[in-house]
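There are 2 protein chains.
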Amino acid sequence: MPETSTQPGTAQPAAYTPTDRTVPTRAAKRAVYDRELVHSILDEGYVCHLGFVRDGAPVVLPTLYGRVGERLYVHGSTGSRPLRMTGQADPGLPVCLTVTHVDGLVLARSAFHHSMNYRSVVVHGIAHQVTDPDERRSALDALVDQVVPGRSSDSRPANARELAATAVIRLDLNEVSAKLRTGGPNDDPEDLALPHWTGVLPLTKGYGTPVPSGDLASGIEVPDYLASL
Amino acid sequence: MPETSTQPGTAQPAAYTPTDRTVPTRAAKRAVYDRELVHSILDEGYVCHLGFVRDGAPVVLPTLYGRVGERLYVHGSTGSRPLRMTGQADPGLPVCLTVTHVDGLVLARSAFHHSMNYRSVVVHGIAHQVTDPDERRSALDALVDQVVPGRSSDSRPANARELAATAVIRLDLNEVSAKLRTGGPNDDPEDLALPHWTGVLPLTKGYGTPVPSGDLASGIEVPDYLASL
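Protein chains in written order, with my numbering: chain A, 6 to 234; chain Y, 6 to 234.
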């Protein structure tokens with residue numbers, strides 16, 4: 006496994022190094038390791054799916070995340086299951102963290118060639134609890150800014166009680182791959198004359214109108230960083 | 006673990022039976038077991054995140070799925086990793102299958118209370134390869150109809166070669182929970198006078214204009230089941 010430094014500010018190669026776990030057995034041509042592409046897919050998401058092993062069985066939970074350079078952060082209550090399992094004293098928790106965007110429905114003439122256009126990132130590694138106060142604070146800022154960029158500086162930072170109740174775990178971006186599918190269906194030549202419509206139905210994402218809390222004081226307007234989304 | 010029958014047509018209780026694995030350690034009030042709600046969350050999704058254990062470490066992969074009653078199906082090449090691991094002769098593969106919809110960004114006055122509105126379903130169980138030809142065909146239809154309802158009857162069904170290349174695995178809906186968060190932020194009373202905007206930014210999903218394949222014959226129009234989406 007590559008042991009690339011994840012220190013912020015350290016120069017990084019343009020791509021992650023493939024490993025046995027990040028080279029797929031099928032559709033290997035869809036796997037890419039470009040660092041900027043991986044970052045862009047991660048930065049576009051709100052929720053990751055975090056996998057870990059409990060009593061020998063897999064568990065996959067959706068959870069918020071944030072990125073600082075080559076480090077991903079997940080947080081939660083100090084009482085929650087995966088967070089408890091990454092205690093500082095132990096050697097860390099093996100995890101797999103996956104982020105997926107579905108971009109379009111691919112309708113082929115044959116049922117067999119139906120597919121999705123998508124972009125996903127899969128990160129394998131060992132998650133560790135973060136104890137350094139400065140790193141915890143910057144991780145929590147990143148988690149809030151993943152929700153809405155700029156929001157961490159327009160909200161009350163965590164106080165001592167909240168910090169004590171929050172576990173932050175870190176997963177370094179070392180063993181990483183992205184997978185993408187783009188373009189139209191790949192129908193077989195013998196199917197081209199079939200009468201079925203074929204193509205891609207794009208999926209779109211957007212934002213609705215912000216809904217202010219019922220107890221919001223009058224005069225507090227929707228901030229620019231929300232209005233501009 | 007409950008051993009509810011998943012035979013189609015069998016009367017089912019209105020809710021799944023909670024187990025140790027489906028009662029969360031935190032935010033237990035967000036967990037629900039209502040069968041219709043679970044079905045509706047599953048039916049709205051395109052991609053699940055399938056977790057399994059390989060060499061002692063978790064793997065989480067995005068993949069298409071389909072539902073037939075109380076059975077979920079996932080398919081793939083017979084050569085792909087999780088599919089190979091569910092060979093008919095072995096006792097099956099422990100998996101965790103998760104589907105998540107993110108409905109809104111919850112912006113609290115405090116960083117600590119930032120959250121998401123979401124709906125997710127987590128299914129634990131043992132995945133088995135499906136060998137019965139009829140069940141395989143109905144599973145493949147369900148996988149296509151999950152992409153676009155009605156599409157399986159407007160495409161060429163899989164032929165013998167394609168069926169031989171496709172592994173179908175089944176996961177019964179026995180050990181299942183849904184989690185939901187709705188509504189606005191839950192700010193602490195002492196934060197109510199802070200000057201930050203607070204509320205929910207809804208996330209919307211939609212469809213773009215269908216993009217026909219370049220080799221689509223003229224005269225084949227966008228079908229009603231697409232145009233009506």
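One or more hints might be untrue.
Pairs count within a copy or across copies, as identical chains cannot be separated in the list.
[As the list claims (entries may be wrong)] Distance condition first, Cα-Cα at most 20 Å in a straight line; then the derived EDC-like pairs of lysine to aspartate or glutamate:
hint: 1; residue 1: 210; residue 2: 108
hint: 2; residue 1: 34; residue 2: 48
hint: 3; residue 1: 34; residue 2: 193
hint: 4; residue 1: 210; residue 2: 49
hint: 5; residue 1: 34; residue 2: 226
hint: 6; residue 1: 34; residue 2: 150
hint: 7; residue 1: 210; residue 2: 48
hint: 8; residue 1: 34; residue 2: 177
hint: 9; residue 1: 34; residue 2: 108
hint: 10; residue 1: 210; residue 2: 75
hint: 11; residue 1: 210; residue 2: 39
hint: 12; residue 1: 210; residue 2: 167
hint: 13; residue 1: 34; residue 2: 137
hint: 14; residue 1: 210; residue 2: 226
hint: 15; residue 1: 34; residue 2: 192
hint: 16; residue 1: 210; residue 2: 195
hint: 17; residue 1: 210; residue 2: 146
hint: 18; residue 1: 210; residue 2: 193
hint: 19; residue 1: 34; residue 2: 75
hint: 20; residue 1: 34; residue 2: 159
hint: 21; residue 1: 210; residue 2: 139
hint: 22; residue 1: 210; residue 2: 220
hint: 23; residue 1: 34; residue 2: 229
hint: 24; residue 1: 34; residue 2: 220
hint: 25; residue 1: 210; residue 2: 196
Since the hints were made in silico from the structure, they are not lab data.
What are the numbers of the hints the structure violates, in ascending order? As far as the earlier hints go, 2, 5, 6, 8, 10, 11, 12, 13, 14, 16, 17, 18, 19, 20, 21, 22, 23, 24 and 25 are violated by this structure, in ascending order.
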